[in-house]
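*Asks:* Letter by letter, the chains look like this.
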Amino acid sequence: MPAVTRWFIKSSLVYLAVALAFALWLAGQSIGFAVVPGLSPVFFHFFLVGWVTQMIMGVGYWFFPKYSPEQPRRSERLGWAVFGLLNAGLLLRGLAEPLFSSNAAATWRTALVVSAVLQWLAGLLFVVNTWERIKER
Amino acid sequence: MPRFSVWGTRLALLYFLAGFTIGALILINKAAPLHPAIWSLLPLHIEFLLMGWIVQLVFAVGYWIFPRFKFEPKRGRPGFAWVALGLLNAGIGSLTLASVSGQPAWVLIGRVLEVGAVVVFAAQLWLRAKPTETGVKV
Chain W
23 MPAVTRWFIK SSLVYLAVAL AFALWLAGQS IGFAVVPGLS PVFFHFFLVG WVTQMIMGVG
83 YWFFPKYSPE QPRRSERLGW AVFGLLNAGL LLRGLAEPLF SSNAAATWRT ALVVSAVLQW
143 LAGLLFVVNT WERIKER
Chain V
453 MPRFSVWGTR LALLYFLAGF TIGALILINK AAPLHPAIWS LLPLHIEFLL MGWIVQLVFA
513 VGYWIFPRFK FEPKRGRPGF AWVALGLLNA GIGSLTLASV SGQPAWVLIG RVLEVGAVVV
573 FAAQLWLRAK PTETGVKV
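Chain order of the listed sequences is W and V.
Under our numbering, the first residue of the first sequence is numbered 23, with each subsequent residue one higher.
Under our numbering, the first residue of the second sequence is numbered 453, with each subsequent residue one higher.
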């Protein structure tokens, strides 16, 4: 299993645990836990992007058909770029969205825009690095 | 990777990119409003990523990696898998039309097509969920 796959998988497991902790907190708001504005979309995206999509990316990088004998996983550098961009973007959103929801300061606006761009770039590079590996053999 | 899985995975990647693009636009629009209509793309963002990306990828990869039969067709009848893929994409297309046209009838049609896709695909894959090679002919 390649190193980048191990990082994707272990990170995705951490996101799952954190997402479920957020779900617990959201459920607890009905019995007096502090209301955190913007926590609900962060929960959904930590679960579906951080856990589900990141697990698919990591396993796909490892498991999809080889690109070539010399470059079985096409570009390792792109694989790390996807990992870095996705996690930077998602963590920035996790921080900025609750803060923006309670205080729409320019800092948090900018952080949300940057987080969107980082995650989109990760998605684009993942498709670029994967597309030609999806082939008949 | 069989041809069905190539098509399914590539379609899933296209929906993934479309869903991520819409999601990025919605998030940017939340912080720096671009256009009031962008928020109305939320159902498409969810549909593309849950059905177009995740469910379609599961169809494609499941057909590829599940245990094969001893006899041809070793992955079961491919026609069923193609019908399921067609129904799934027709369903997503109908839900896209619903989102664009605002006609709720397309939502109903889309969901019927998606349920049909899942039933047909489950029937196709059912006997391949097995512990060892059984040699069952289909």
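Don't take every hint at face value.
[What the hints assert, rightly or not] No farther apart than 27 Å at their CA atoms in a straight line, the calculated lysine-lysine pairs in the BS3-like style are these: (1) W/Lys157 with V/Lys526; (2) V/Lys522 with W/Lys157; (3) V/Lys526 with W/Lys88; (4) V/Lys582 with V/Lys522; (5) W/Lys32 with W/Lys88; (6) W/Lys32 with V/Lys526; (7) W/Lys157 with W/Lys88; (8) V/Lys582 with V/Lys526.
[Unchecked claim] Which chain W residues stay away from chain V? Per the calculated CB distances, all over 12 Å, these: (9) Thr27; (10) Arg28; (11) Leu48; (12) Ala56; (13) Val58; (14) Gly60; (15) Thr75; (16) Glu92; (17) Ala110; (18) Arg131; (19) Gln141.
Simulated from the structure, these hints should not be mistaken for lab results.
Beta carbons: idealized from backbone N, C-alpha and C, even for Gly.
*Asks:* Against each hint, give a clear statement of whether it holds in the structure.
*Replies:* A quick look at each hint next to the structure:
1. W/Lys157 with V/Lys526: 19 Å, holds
2. V/Lys522 with W/Lys157: 24 Å, holds
3. V/Lys526 with W/Lys88: 23 Å, holds
4. V/Lys582 with V/Lys522: Given pair V/Lys582, V/Lys522 holds - Cα atoms ~12 Å apart, limit 27 Å.
5. W/Lys32 with W/Lys88: Between W/Lys32 and W/Lys88 the Cα gap is close to 23 Å, so the pair holds against 27 Å.
6. W/Lys32 with V/Lys526: Violated, at about 35 Å.
7. W/Lys157 with W/Lys88: 9 Å, holds
8. V/Lys582 with V/Lys526: OK: V/Lys582 and V/Lys526 at ~13 Å, within 27 Å.
9. Thr27: 15 Å, holds
10. Arg28: W/Arg28 clear of chain V: closest Cβ-Cβ about 20 Å, beyond 12 Å.
11. Leu48: Nearest chain V Cβ is 18 Å from W/Leu48, so the label holds.
12. Ala56: W/Ala56 clear of chain V: closest Cβ-Cβ about 22 Å, beyond 12 Å.
13. Val58: Non-interface label on W/Val58 holds, nearest chain V Cβ at 17 Å vs cutoff 12 Å.
14. Gly60: 10 Å, violated
15. Thr75: 8 Å, violated
16. Glu92: Since the minimum Cβ distance to chain V is about 20 Å, W/Glu92 lies beyond 12 Å and the statement holds.
17. Ala110: 14 Å, holds
18. Arg131: At about 4 Å from chain V, W/Arg131 fails to clear the 12 Å cut-off, so the statement is violated.
19. Gln141: The claim is violated: W/Gln141 sits with its nearest Cβ about 7 Å from chain V, within 12 Å.
The structure does not agree with the numbered hints 6, 14, 15, 18 and 19 stated previously, though it agrees with the rest.
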